[in-house]
Amino acid sequence: MQKYDIVVVGGGPGGTLAAKTAAEKGMKVLVIERGREIGDKIVSGAIVLPKMFRDFPFTRTMNLPRARIPRTGYFGFFKPPPSLEVAYYSIVSMDPDSQEYPTQCVYMKEFVGFLADAAKEAGAEFRMATLVSDVLRKNGKITGVITDKGDEIQSDIVIAADGVLSLIARKAGLRKKWDPWGVVNIASLTFSAPEDKIDEEGIGGGVYSIMGLGANYHCVFKDGFHIGGFGFPACTLGRRVQARRGVTAEYLKFLEPPLIQAMLKRLEAKPVEFSMHPLTWFDEMPKEIYTDGLMLVGDAAGLPEPFLASGIYEAMYSGRLAAEVAAEAVEKGDTSKGFLKKYYDVLEVSPVGQQFVGGKQIRAMFDLVLTHPDGRKLVDLMRSISMFLFWGWAGTIAPASVTLPLMITTLLDKVPVLAKVAGLYLPVAAPSFSEPLSRLTNELVAGVMRSAMTKGGV
Amino acid sequence: MEINLTLADKKKLMTVEKASKDWLKVNTDLCTGCGNCAIVCEMNLFSIRGGKASISKDYREWCYECGACYLVCEPDAIEFNYPPGGEGVVFVYG
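Those protein sequence lines, which keep their order, are chains A and B.
When we follow the working numbering, the leftmost residue of the first sequence carries the number 1, and every step to the right adds one.
When we follow the working numbering, the leftmost residue of the second sequence carries the number 459, and every step to the right adds one.
In short, the hints are calculated from the structure, not lab data.
As the structure is a computational prediction, the values presented were derived from the model and not from experiment.
Hints may contain errors.
Just the calculated beta-carbon pair ranges, DEER-fashion [stated by the list, open to error]:
#1 533/B / 284/A: 22 to 28 Å
#2 150/A / 534/B: 22 to 28 Å
#3 461/B / 348/A: 40 to 46 Å
Here are the simulated DSBU-like pairs of lysine-lysine, each with C-alpha atoms no more than 30 Å apart in a straight line [unchecked claim]:
#4 479/B / 177/A
#5 25/A / 176/A
#6 515/B / 171/A
Rough simulated footprint, nothing fancy, chain B against chain A, three-plus residues with beta-carbon under 8 Å [as the list claims (entries may be wrong)]:
#7 36-50
#8 53-61
#9 125-131
#10 140-149
#11 255-264
Using N, Cα and C, we set each Cβ at its ideal position, and we do this for glycine too.
Full structure from sequences and hints, please.
As structure tokens, this is what we get:
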């Protein structure tokens, strides 16, 4: 019988951060990954934001060979099919040199490879090409895992970082499966393109997302790019089976508008890989994410946030936190559900959990854009919030840090949720940079909050 | 630029280590033949025959392991596990 302090199931961003953290705390850690290599089972198209560099200092030195720092941002909304006209479109040039830690578009294989190397360096062991098929139990408590090769591995704590379909969550009885009304299935194409063509695109190259009713996004690497999308508007699997339509046909519609076609042509783009992957896009943070001897992290815990549905930072944050709680539990000899509740409690008030407050209304904004009389202003606002998330608070974005709260104030009477958006998203981004402007913005945001309270908007 | 994404196109754009054993099945006792799985499977791996869902024989070669079929199955008739370790879909540009 093999015995570890902590077994981590899954070698993605959540699992690797859990392993690194626990190993640094002196724990004996094993990561079990079903792919032959790190990243085999992860779809590309990741955009890592300044807040990751802010909260995970070790990532500031990462130098991924095929990552790209975007210099041009596109933000647009399409009208629903069949029109597919571009309802709103803007380009923002960025000067990443003015950023301390600018946003990067990364291949997950390279990025998670970097995180896994950090975990190995800290002393974590990895077992590859191994599927965990069940959990071990003793007196109702989870005490380890069983692999598909029949190995029984004991551990004081299991951290399940095994993705959105988490087999461990099911085997542990935490849930049967996610509600399909909260899950989107993303179709994506990865294209290869000559590096110099991408460099020429826009100002110094780089494209960011065309968000919008279709929640379509672009992610540009050094030698290619990725376009992902999941349909009109923000179409969950629940909506799909109700309307009886699949995603591929709608995805193809995204590629039809002239501006996309022109971009594909300019870049001499060649499709190299198609993929499908599910993503939770919940408006509330799931509660059933721990039990005796077990914690779920990242996508397994349903943590992608309700605005952009981004989940990498959330996986890393929850993975690290779970490992900290696990190490404390092992040292104290108490791995009960009662003790592990600490993981949930701290996560709930962390930047990850706080993003879910007001999540229902944040999600509703996507539907309001084309129907609300102030839809255009909402688009401006969502664009500004995205810009902050993507590029922080410095450089050419800085003036917007003053206008943004004013925009919110103007819209507050009609869309009260904005007070929550302001209160939740902006301070999350703000501490990245210790600039006078970010402090000023925080004060303005606080002013918006106060004004919202007096009007009964919150 | 013409991009069609027919089934044949998708097959050209994916890499799979064919699983050495079955890992996905429909429990026909529970299946109501509602067809939800067939709607969401972008690789057309499901068909409804005689009021029951059936999985294509070659699903081990063409499945993305996205689990959409399993998520939308109301009577929980789809048993979705995973291919054995080291097998199944590989995202080369992951």
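Taking the hints in turn, this is what the structure says about them:
no.	hint	in the structure
1	533/B / 284/A: 22 to 28 Å	26 Å, holds
2	150/A / 534/B: 22 to 28 Å	27 Å, holds
3	461/B / 348/A: 40 to 46 Å	43 Å, holds
4	479/B / 177/A	24 Å, holds
5	25/A / 176/A	33 Å, violated
6	515/B / 171/A	27 Å, holds
7	36-50	holds (count 7)
8	53-61	violated (count 0)
9	125-131	holds (count 4)
10	140-149	holds (count 3)
11	255-264	holds (count 3)
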